[in-house]
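Protein chains: 2
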Amino acid sequence: MKLERILPVIGWLPGYRRGDAGRDLVAAVLVTIMLIPQSLAYALLAGLPPQVGLYASILPLVLYALFGSSGSLSVGPMAILALMTAAVLTPLFEPGSQAYITGAVILAVLSGLMLVLMGFLRLGFLANFLSHPVISGFISASSLVIIASQVKHLLGIPASGQNLLELMMSMLPNLGSISLLSMLTGFGVLLFLLAARRLLPGVPGKIVPIVAVALTVALTWWLGLDKQGLAVVGEIPSGLPALSFPAFDVGLWQPLVMGALLISVVGFVESVSIAQTLAARRRQRIDPNQELIALGAANLGAGVSSGMPVTGGLSRSVVNFDAGASTPASSLYAAVGITLATLTLTPLIAYLPKATLAAAIIVAVAGLIDLPALKRTWRYSKPDFGAMLATIVLTLVHSVESGILAGVGLSVGLFLYRTSQPHSAVIGLVPGTEHFRNVQRHQVSVCPRVTFLRIDESLYFANARFLEDRVMELVASQPEMTDLVLVCPAVNQVDASAMESLEAINERMIDAGVRLHLSDVKGPVMDQLEGTPLLTGLSGRVFLSAFDAWKSLQAAPVDQG
Amino acid sequence: MKLERILPVIGWLPGYRRGDAGRDLVAAVLVTIMLIPQSLAYALLAGLPPQVGLYASILPLVLYALFGSSGSLSVGPMAILALMTAAVLTPLFEPGSQAYITGAVILAVLSGLMLVLMGFLRLGFLANFLSHPVISGFISASSLVIIASQVKHLLGIPASGQNLLELMMSMLPNLGSISLLSMLTGFGVLLFLLAARRLLPGVPGKIVPIVAVALTVALTWWLGLDKQGLAVVGEIPSGLPALSFPAFDVGLWQPLVMGALLISVVGFVESVSIAQTLAARRRQRIDPNQELIALGAANLGAGVSSGMPVTGGLSRSVVNFDAGASTPASSLYAAVGITLATLTLTPLIAYLPKATLAAAIIVAVAGLIDLPALKRTWRYSKPDFGAMLATIVLTLVHSVESGILAGVGLSVGLFLYRTSQPHSAVIGLVPGTEHFRNVQRHQVSVCPRVTFLRIDESLYFANARFLEDRVMELVASQPEMTDLVLVCPAVNQVDASAMESLEAINERMIDAGVRLHLSDVKGPVMDQLEGTPLLTGLSGRVFLSAFDAWKSLQAAPVDQG
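Just so you know, the sequences run in chain order A and B.
By the count of full-length UniProt numbering, the first sequence reaches residue 561 at its end, each step adding exactly one.
By the count of full-length UniProt numbering, the second sequence reaches residue 561 at its end, each step adding exactly one.
Worth double-checking, as some hints may not be accurate.
Since the list gives no way to pick out one identical chain from another, each pair is judged satisfied if it fits inside one copy or across any two copies.
Said to hold, decoys possible - Simulated pairs of lysine to aspartate or glutamate, EDC-like, Cα-Cα distance not exceeding 16 Å: (1) K382 / D527; (2) K522 / D456; (3) K551 / D483; (4) K206 / D322; (5) K551 / E434.
FYI, nobody ran anything at the bench for these hints, they're computed from the structure.
Isolated chain A (complex conformation) (with noise of 0.2 Å):
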């Protein structure tokens, strides 16, 4: 039971019946097709050589395929990751050069490691600190970037840069030497993947990409395009990659320590709303924890193999589950796809055009770029909208990197001063009832002696002083007051702060000469509080409900206006 958790393989292969591998070898062949452009295109947007694609799809989706719980999910490199990877690794080495290759194996091994980690630590909630806003922000804004850095293939002209700005002006000075094969070659395959829908009723848009690298490969490899100087992937290494750990080096691991957590973070967060959104279709069930050991697992089968960073892909998951895919098997069937792919494309594959790819990629994220998301959130909360905004600002202006953490520590921030200040509510008794309410919405009695505080929210440290606060302010500016009775229905907490500051406000009470009492303590809290000096010391008592104290204090109700 307990090792079916962690290798969930062990529950379902079986059960595992001819009918279900029929679906997943149809699903896996869909998948090996898409996966074949991406993993190339993905390579060259993180700046690696596109071999490197292919070897992050064959190990990481064996290991998915053992250890993940989502029988839909498609990993492998993904655009998003791809760019981080680049943001990343271009500030600390050379580009093209064997210490960036290093690089990207180190980043995918120490996020392997961290997925790994979180996931025994069981912190997947760590990810939830990447709001819907800002992660929704980052997409839309690292898609922007992506565009912009493909450019360059599409002109066939050199630029550089981290974000739009300096893509943009890096391509300035070389606009006067563009390259009109380039140029033909990429908007021609731009065209073709728009128009795809239509041209080729029949085909699902998904793989259409194959077919426009067929074409330009094989265009290419007549014409001799590549020898008239249109930009080629070029020769790559046909075999597989050897395994092998890259040497340990804390001058080298540590500068990578942070990308490689941003990495996993927004990965995780990815795959798993993914691989949430496909399982609820079939009323399954995926383990967030689980989740994050088997796409650790995956990062590390890519860092061992020679690979990048890789995460669960939106679309391949899609065409996955839509072609039936039941169990991680077809990932493993989809693996040997790719693996046939290197040994046997390696020599086509030098003929691809780079413009071809660059115009995959494009296609690809401007579907993630999603601006009704800023009208919604700017009309839904302003707060939220300000994290959104100040997370596309920065990864569009600065890079991928401030931009997360911006929207991160601006989420987390508003999400502490939010909860630091609990609602809560004067209330009075509703006449002819024994219920409560606010006695600035509502026409209720109240009696001046008696005042009725309801708190709204659990108490612990991050309000406890506020409550402090609200009770002296009452109590301040009410002289009549002699009683105060604190209307717990919502507390479903009192932490050791809140319970100080409790005591300290039974203390101040007596001092002012008030007494304090609780009402509506639910059950854990009330278990929790016996024995302590709050309860002990209470200067008042601790009622049943708002209703019990209201009579018992024998308060004479006076109509409010």
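Model the placement of chain B on the given structure of chain A, informed by the hints.
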């Protein structure tokens, strides 16, 4: 009105009467008598020349009188802040050097600027993140370190170090050269202070230290003990400090920022809790953000007058309060008192034995050690105890800074972890009523087709994904479910992330063939949700109450065993 808020002096000065002045004067005399030995001792503790303590007890008091909202708080040097000052400065500057003294001034200025800024930005809530167990553990551990740091003066041997271990180890080799005179003086004063309550029954305990100071100064001068090897404070400059602002130098200021922040926050937390405790006894109220500004002004004042960081002191404030000080004018009078002392007493202070001050410090801080708090917190809450213990251990064996940072980090981490898993319960109808209760705790009616899930916390990004998990787990485990009602009486807030999670839940439930309903949605939350895709696309309905939903969904109740 607005100006009065920032300058509370405008509020109380016009109504200031002869009677107020009389009480304030008496209180000020007592505070001055306490403040003279304390300010000298805490300057010594901070590794600063003794006059720095006096300087920090003049202008800060005047500024607090203008800006402060508490009529009882007595600001000035304070033991824990002095220890923190030494801890920040010692690794950076040669103790006793001019750079070290300038460092203390910069700390005061930085701390003042931070506090004023926090006050204007209304960031007082940040201090909440110093939870009670952490601050209590920190004060107990710091007090132990302070006592250990004073033993050298009692024994008349050199010692240095930032923590208990270092201090003890540095004293070991010098135990052979203990000064008998220092020991006699130190332990004599110690015994005198401890026995004072019995020896001098008429004298208030808090002003006994000045008697010890006067006696030992007289003895030292009369017997010429300083010439026989008793370590004394020695010649200090007479007269008042010149006002000056420390030159700005990034290299000098920047390493002090973190230390200044910790000093600010610890000083503020101590000060505001003293002020609130005393204000409550007169049913008055303290404005924490105004206190930030006042404490900031006091520290800026300390900075421009060659002082050291200051905050409110507990023992002095209590004496001030008990003596009847009713307005901040008593601080003004105490400032006059310290000014007179600085102008006239410096020749006498030269004969003051360091052992006397050390004994006074030890007696003062021994009262701050709260061992029962450890037991209390252990009993009350294990996570809180963990944060407390980490603070204590790191403060004792490493440094005050690491202690407090670990404590804050752990308690914020635990807080984030707890809020990421909000309480929720599947509920059922209590037969014969309209009330719903947790199915695991009560005998209630349930219907297998319709599940009621009550959510007991506001929904925000920290727990949004947890809710997704919880719901999908329920749906996966109950294949017969056709309707899910989210009962939200305790949901005070739904941020953009949580709203999108609810949307995702709604869409996944549609995929799974389950209708999603809401009930007991609070007014403000409903207003916010109006017009969102969640409500427009909701597969079910929004019910006023869970009972309405129960009736309307025509649940055929089945009694649970």
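Verification of the hints:
1. K382 / D527: Answer is between: at 15 Å across copies they meet the 16 Å cutoff, but 40 Å inside does not.
2. K522 / D456: This pair counts as both: shortest intra-copy Cα distance 13 Å, inter-copy 12 Å.
3. K551 / D483: within (13 Å within a copy, 40 Å between copies)
4. K206 / D322: For K206 and D322, the Cα distance is within 16 Å only inside one copy (12 Å; across copies 80 Å).
5. K551 / E434: within (10 Å within a copy, 23 Å between copies)
Checked against the numbered hints listed earlier, the structure breaks none of them; every hint is satisfied.
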